[in-house]
Amino acid sequence: MRKSRQATGAGDVWFRIGTGLFALVLVLIVGGIAVVLWRRSSLTIARFGLGFWRGEIWDPVSGEFGAYAFIWGTLYSSFLALAIATPVALGIAIFLSELCPRALRTPLAFLTELLAAIPSIVYGLWGIFVLVPAVRAFQMGLPDSVRHLPVFSGPAIGVNLLSAALVLAMMIVPFTSSVAREVLKAVPPAQREAALALGSTSWEATRVTLYYARSGILGAVILGLGRALGETMAVTMVIGNTPKAAVSIFAPQYTMAAVIANEFAEATTNLHVSALVEIGLLLFAVTLAINILSRLLIWNMARERTVRVPAPIPAGQAG
Amino acid sequence: MMTSPRVRRLISNTMMGLCILAVLIALVPLAAILFFVVSRGASSLNWAFFTELPKPVGEPGGGMANAIIGTLIICGLGAMFAIPIGVFSGVYIAEVRESRFGSIVRFAADTLNGVPSIVIGLFVYVLAVMPFKQFTALAGGLALGIMMIPLITRTTEELLRLVPRSLFEGALALGATRGRAVFSVIVPAALPGILTGIMLALARIAGETAPLLFTAFNNHYWSTSLTQPIASLTVQVFTYATSPYDDWHRQAWAGALVLVSIVLLCSILARLATRRLERMHG
Amino acid sequence: MSKRMLALAVAAVCTVTLTAQKVQINGGGATFPNPIYSKWFSDYNKLHPTVEINYQPQGSGFGVQQIMAQTVFFGASDKPMPDDKLKDAPGKIMHFPTVLGADVPVYNIPGVSADLKFTGPVLADIFLGKITKWNDAAITKANAGVSLPNADIVVVHRAEASGTSFIWTDYLSKVSPEWKTKIGASDSVNWPTGLSGKGNDGVTALVKQTPGAIGYVELIYAINQKLSYGVVQNAAGEWSKASVESVTAAAAGAAANMPADFRVSITNAPGKGAYPISSFTWILMYQDPKDKAQAKIMVDFMKWALADGQKACAPLGYAPLPASVVKLELEALKQIKLQ
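Chains as they are written, first to last, in the working numbering: chain B, 1391 to 1709; chain S, 3 to 284; chain C, 327 to 665.
FYI, nobody ran anything at the bench for these hints, they're computed from the structure.
Among the hints, a few may not be true.
Unchecked claim - In silico DMTMM-like links for lysine to aspartate or glutamate, alpha-carbon gap of 25 Å or less:
#1 LYS1575/B x GLU1594/B
#2 LYS653/C x ASP634/C
#3 LYS552/C x ASP478/C
#4 LYS348/C x GLU657/C
#5 LYS411/C x ASP1449/B
#6 LYS348/C x GLU61/S
#7 LYS456/C x ASP1449/B
#8 LYS567/C x ASP248/S
#9 LYS418/C x GLU657/C
#10 LYS663/C x ASP617/C
#11 LYS508/C x GLU1454/B
#12 LYS629/C x GLU61/S
#13 LYS135/S x ASP462/C
#14 LYS506/C x ASP1449/B
#15 LYS135/S x GLU378/C
#16 LYS456/C x GLU1446/B
#17 LYS372/C x ASP587/C
#18 LYS1575/B x GLU61/S
#19 LYS135/S x ASP410/C
#20 LYS57/S x ASP369/C
#21 LYS1634/B x ASP626/C
Based on the provided sequences and hints, a complete structural model is requested.
Right under this line is the structure:
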């Protein structure tokens, strides 16, 4: 556990206060959003209480609101996207920081960052014109035995959770890979060189680097997850917007961000507005919870692990 | 447990092969999307596109000149707001380690990153548009800036952490105050990475539509005033793309192409700047 | 003497520059009339170069929200404001119809290129999920001579709230008591079945890509995106295909009983030749707006739009207002307080 030296002298105090003020602004913004969300959802909090989380019916006309389907859709699509995107992003980061020939490094880095520059609406439109028919064709091409499994069941429509997860994955990859690449670049080369000197293979040396940079890597992954949880436009165009939680990745579903975007401008009753704002508040709470859990996870990992020294390759067989 | 060297080498080669595969996997959808946008939009890119205002449907010509300027203005506003807050917050979390507040700031940044763009837009609407009964470019810039902060903060923090402590301790040993040591030695060492974070944040907000709908509104006419609605490429592209007219659809794709090019250009410029900085610091 | 002349000259130049300064009026709302509005504002700007009317199509609900928050000078909506919203507004808001629109049932049945005929109850049952196959007896009864396949019907509706949905559900409520009690008329309902598309364009894309799909879109989308759309039976029992003439006919019938505030639904309108799923679209303005200069300009614009502007409608696929309605509106415009 690092114990830093105490602040000494006026210069250090100014440094601490100066940077602290900016950090305070950040916290105030986030706190402000939470407060506004809380106050404007008071109607539905009072009416439904905790039942709002479990409620499965969303009917603006009759005034019955429940967020379960949206929570499900958000978590399912985001984690599926994360599962697809993280290995790809880390693979890119490792490649660009360790394997790639110098000449290719910059152009390839640009290309991956280009994915980040594409507007979310373009992702949505490309999704609906190209990805959705492709997913539908893929689903129809699966053998019947697979299609009977609950997670692959349902009619072949195309606008579904899988399409949304794929689009989200494409949006996550450039962020996670760019941050991870910068993180891996910043690891002192001595780490990797020491492992290689001890006789480890290329991959084992990379593992040492990854371990050293684990905090940054996790940060990169969390940034990607945040991107997925909050994405609005692209998701709503390809997910099917059906407020019904389903296990099948081929079923159209709905996310919290999408329903807010779709219904806010036309929300007719105060109760409806309050329900939508409460969904925003729920998303806020879910994001916070995921962040806390992942921090606990990394602390756990840091405490238990000891670095395994790879066994040296006997002389004559190295390489 | 001893795994045979041959197996370990096999694992190593397989993993490295998978990394190469990952790059290819990422490039395929990129190529697909770029092809999609270019094939539909390139034909509408002409001189008129860059110099004229939008025209109603049925009239030939017309462009998105005001939207291009507008996007540059509000992204600039957003960056001006977000860069100081993001970088200094990142410095605070990474360098003022004795403070428990740092953890709270980090959680706040990560949580803010997950807030949907529409919610941020509505937040700024409540704060900065409703009280003044006026849609403004400033409000749009504020909304985009808020979205940029988490990326800049967390990237700055993680990269500062990775700078070897020896640099910091060397500076202190030479008599520098903590602030001096951080800003003269550590931050410059991490600067290329911090700039990447800023460019990523910029790329993210340049492509956002939802937060602008309730803040900057959009404008069909020339306007650079900060207290008036201002045009933006994303909202204009959105309006055209969701219309029934093929001519407007083509212009929407052209607009998307211009947007991606602007971000790419900024990214190239930032890279050139970091390369110069890297060379300066050895 | 010359100094005073100079001062006067400077003052004159300043006044001229100030009065020649551009006025920008902001408005927002329905997406449906955006093409015709953008043509109107552009043409009006050519006639009056200092007037810039900036309209942003972000949905009827957005228009209502923003006019109530007074962040825009005028709003636009495909759906009349309900009484409780009008009561909440900070001032009296008036409705002015501008053009007419229509929802059409669009479908994509492989092998079928003919215009299918639908009665109101059949459409309601399809959207209720009670009719599930294209060769159901209820559909084939009205379409003798068309060979319909034994394929599933895939219903497509709107994901987000919209005026288009309001018009559609308003019509279904009038022709199907079951729809009226179970689902109701609103811009955002709990759809019993089907897929959701975002926007008219999203529904268009889904219908085009999904064999067996049926959805509803604004007429201008069906025309411009070349979708097959069906013929609907109107209140007079005729088979009516949506067109500029049939939609205007629907409004002509309504003019006789037009309420003073123009808030009327013309779905399932009586009268010959009327297309049953038609609707007005309105511009919303305060009767006593704060900015009198902008008010003067908007009233002048409305007078122009109700006269010369209507000529631009048909080429763009919009039905112009019947003359009887225009007359009533010009009278109502006088109520706007310009002092």
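Quick rundown of the hints versus the structure:
For the hint pairing LYS1575/B with GLU1594/B, the CA-to-CA distance comes to about 17 Å; that is within 25 Å, so the pair holds. Using a Cα cut-off of 25 Å, the hinted pair LYS653/C and ASP634/C holds, with the two alpha carbons roughly 14 Å apart. For the proposed pair LYS552/C and ASP478/C, the alpha carbon gap of about 23 Å is at most 25 Å, so the pair holds. Only pairs whose Cα atoms come within 25 Å are accepted, and LYS348/C paired with GLU657/C is rejected, the gap being roughly 29 Å.
Straight-line distance between C-alpha atoms of LYS411/C and ASP1449/B comes to about 20 Å, which keeps the hinted pair within the 25 Å bound. In summary, the hint linking LYS348/C to GLU61/S is supported, as the alpha carbons are separated by about 23 Å, within the 25 Å threshold. Of the pairs offered as hints, the one joining LYS456/C and ASP1449/B holds, with about 20 Å between alpha carbons and a cut-off of 25 Å not exceeded. For the hint linking LYS567/C to ASP248/S, the alpha-carbon distance of about 24 Å falls within 25 Å, and the restraint holds.
Restraint check for LYS418/C and GLU657/C: the C-alpha separation of about 17 Å stays at or below 25 Å, so the hint holds. For the hint linking LYS663/C to ASP617/C, the alpha-carbon distance of about 10 Å falls within 25 Å, and the restraint holds. For a cut-off of 25 Å, the pair hint linking LYS508/C to GLU1454/B stands: about 14 Å separates their Cα positions. The hinted pair formed by LYS629/C and GLU61/S meets the criterion: a straight-line CA distance of about 24 Å does not exceed 25 Å.
Restraint check for LYS135/S and ASP462/C: not satisfied, since their Cα atoms lie roughly 54 Å apart, outside the 25 Å limit. As the CA atoms of LYS506/C and ASP1449/B are separated by approximately 15 Å, the hinted pair is consistent with the 25 Å bound. The suggested pairing of LYS135/S with GLU378/C holds, with an alpha-carbon distance near 19 Å, which does not exceed 25 Å. For the given pair, LYS456/C sits about 23 Å from GLU1446/B by alpha-carbon distance, which is consistent with the 25 Å threshold.
With a C-alpha separation of about 31 Å, the suggested pairing of LYS372/C with ASP587/C is violated against the 25 Å cut-off. Note on LYS1575/B and GLU61/S: the hinted pairing is violated, with a Cα-Cα distance of about 53 Å set against a maximum of 25 Å. In summary, the hint linking LYS135/S to ASP410/C is supported, as the alpha carbons are separated by about 22 Å, within the 25 Å threshold. Between LYS57/S and ASP369/C, the direct Cα distance comes to roughly 10 Å. Compliance with the 25 Å bound is thereby established for this hinted pair.
As the CA atoms of LYS1634/B and ASP626/C are separated by approximately 50 Å, the hinted pair breaks the 25 Å bound.
Hints 4, 13, 17, 18 and 21, counting from the list given before, are not met by this structure.
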